[in-house]
Amino acid sequence: MIKLVNVSKAYLKNVKILQDINLYIEAGEFVSLVGQSGSGKTSLVKILIGEEKVSDGRVIIGDWDITKISRKEVPYLRRQIGVIFQDFKLLPQKTLWENVAFALEVCGQPQGKINKVVSSVMRLVGLEDKKDRYPHEVSGGEQQRAAIARALVHQPKILLADEPTGNLDSINANEIVDLLIRINNFGTTVILVTHNREIVNHLKKRVIAIDKGRVVSDQEKGKYLL
Amino acid sequence: MFLSLIRIIKFSLQDISRNVWLTIATVTILVLALLSVNTLLTVDVLSRHAIDAVKEKIDISLYLKADASEEQVTSLKTEISQMSKVKQVMYTSKADALRSFRETNADNPEVLAALRELGRNPLSPSLIIVPNNVEEAPQLINEVKQIDSDIIESRDFTDNTLILDKINDITKKISEVGLFIICIFLFTSMLVAYNSIKVAIYTHRREIEIMRLVGASNSFIYLPFVLSAVIYAFLSVMLIIILFYPFLGILQPYLEVFFMDYNINIIDYFLNNFIIIFGLQFLVVSIISVLSSWLAIRRYAKV
Ligand SMILES: Nc1ncnc2c1ncn2[C@@H]1O[C@H](COP(=O)(O)OP(=O)(O)OP(=O)(O)O)[C@@H](O)[C@H]1O
Ligand SMILES: [Mg+2]
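Taken in sequence, the protein lines are chains A and B.
Our numbering puts the first residue of the first sequence at 29, with every later residue one more than the last.
Our numbering puts the first residue of the second sequence at 250, with every later residue one more than the last.
Just so you know, the hints here were simulated from the structure itself, not pulled from any lab data.
The reader is advised that the hints may include incorrect statements.
[Said to hold, decoys possible] Going by beta-carbon spacing under 8 Å, a handful of chain B positions derived as facing chain A: (1) L252; (2) V463; (3) G528.
Beta carbons are placed, not taken as given, at the ideal position from N, Cα and C, and that holds for glycine.
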């Protein structure tokens with residue numbers, strides 16, 4: 029469950045890039061977040077993962093009010109929210125397997141558990157046979173799948189995808205979206221930030237559109253407006 | 250916990266090996282700083298020994314006439330003993346003087362033969378005056394010069410106080426210059442350590458970003474860099490130990506010549522005080538490099 033109450037955000041004084049956002053996203057929902065470049069989508073994602081603080085309003089995730097989350101608490105929030113980005117953010121000198129394992133290593137998990145979890149998420153995203161390749165040895169779609177696998181290692185309740193298909197051709201993009209749907213079907217809340225009209229229209233799920241920092245439409249089984 | 254420690258060490262070693270040249274530069278500067286510290290320490294130890302050696306040689310002797318009577322000697326001795334700057338007066342009789350003369354020339358048969366030839370004891374009895382403290386020696390010598398007694402045959406003063414002053418002077422100057430150099434090196438060390446960690450953070454910016462995203466705790470992000478700083482300190486102290494003992498080995502023979510009969514062993518000094526000298530240096534260098542890396546971490550890794 030994600031709840032935003034009257035959220036405003038200004039990086040610079042008096043320049044509000046998010047204004048009076050009120051949102052309620054149920055656990056297990058699949059939501060697309062659309063809007064023009066600069067409308068504040070990434071800022072919203074950053075607020076949800078505790079990277080940016082709101083200027084006004086409240087943010088609640090599950091039963092945790094993260095509005096004034098401290099730096100010490102942020103890591104625990106991140107272990108409950110998986111994130112993926114347009115640029116994958118994989119480490120080039122590590123294999124796909126090592127990239128995924130890295131997320132568990134730096135959280136102090138024992139090797140035995142790492143092996144088990146990594147092989148299960150690699151299987152989930154369909155990369156078992158390419159696990160020993162380096163990022164530059166696989167396609168963009170496969171890199172994004174590795175990034176998704178990494179985002180899933182902590183079994184997060186929420187998966188945020190900030191334009192995950194932005195760098196991919198339509199075939200790879202569709203595969204990624206299918207994967208997100210599959211993950212959603214396991215009960216994970218998925219928030220997909222995208223520019224891709226076709227994908228949104230094809231999904232037939234809830235669409236939230238923001239423009240100039242305000243929610244301008246919020247529809248069940250929505251279409252890409254604007 | 251243990252597992253995290255191993256991973257932190259692994260990360261730190263990775264950071265050091267990825268920036269080998271930077272590590273070398275940092276450690277070199279730290280070694281130079283330590284070299285100046287240890288050189289100054291050596292100078293200090295040597296000057297203290299030199300002062301002791303010279304102090305040992307301050308010698309105020311009154312040679313008495315051979316025919317001075319027991320009472321005359323005793324009364325002169327009492328008179329001098331009562332002087333405020335005198336610690337002790339030792340009487341060496343003719344016989345004592347001869348005995349010690351024989352001992353010092355035991356392996357010099359010609360001298361002994363000449364002595365036998367002479368058929369009598371040619372040596373004078375003497376009074377050796379030990380000053381209360383060395384600084385007052387010049388005044389004491391003046392006072393002793395003014396003692397008027399029939400039985401004094403000659404007076405012999407080896408006044409080394411001028412040399413003492415010189416040694417003190419030189420040591421002070423070297424210490425001042427040395428401290429200045431140490432300060433410069435310490436400051437440079439801080440700058441270099443700061444920049445090394447800054448570059449290390451820059452090289453690892455993707456890892457750091459990802460660690461953040463996947464929920465690594467802050468300590469896991471910054472501890473490898475702190476550890477790297479400690480490793481810089483450790484490496485530099487190790488190197489200075491390896492470099493400095495041979496240097497002392499080269500120095501030692503010269504010292505033995507310079508100090509002559511005074512017993513000095515600078516290597517022993519550094520060996521006997523190994524833990525305190527190098528332990529302290531490791532501690533101080535660690536603090537300096539950890540402190541500066543911490544500043545870099547705060548600034549560039551934003552933890
Ligand atoms: N750190 C920052 N400091 C100041 N302004 C910022 C900062 N980050 C973003 N902005 C501004 O906030 C506005 C919203 O940016 P944001 O990245 O959230 O947009 P977006 O909807 O994700 O755009 P895009 O579709 O291009 O990714 C933009 O006008 C941007 O210039
Ligand atoms: Mg964006």
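Structure-based check of each hint:
Nearest Cβ of chain A to the Cβ of L252/B: about 6 Å, under the 8 Å cut. The hint holds. With a cut of 8 Å, the hint placing V463/B at the interface with chain A holds, because the nearest CB-to-CB distance is about 4 Å. The interface hint given for G528/B is broken, as the beta carbon of that residue sits about 32 Å from the closest beta carbon of chain A, more than 8 Å.
In terms of the numbered hints stated before, the structure departs from hint 3 and from no other.
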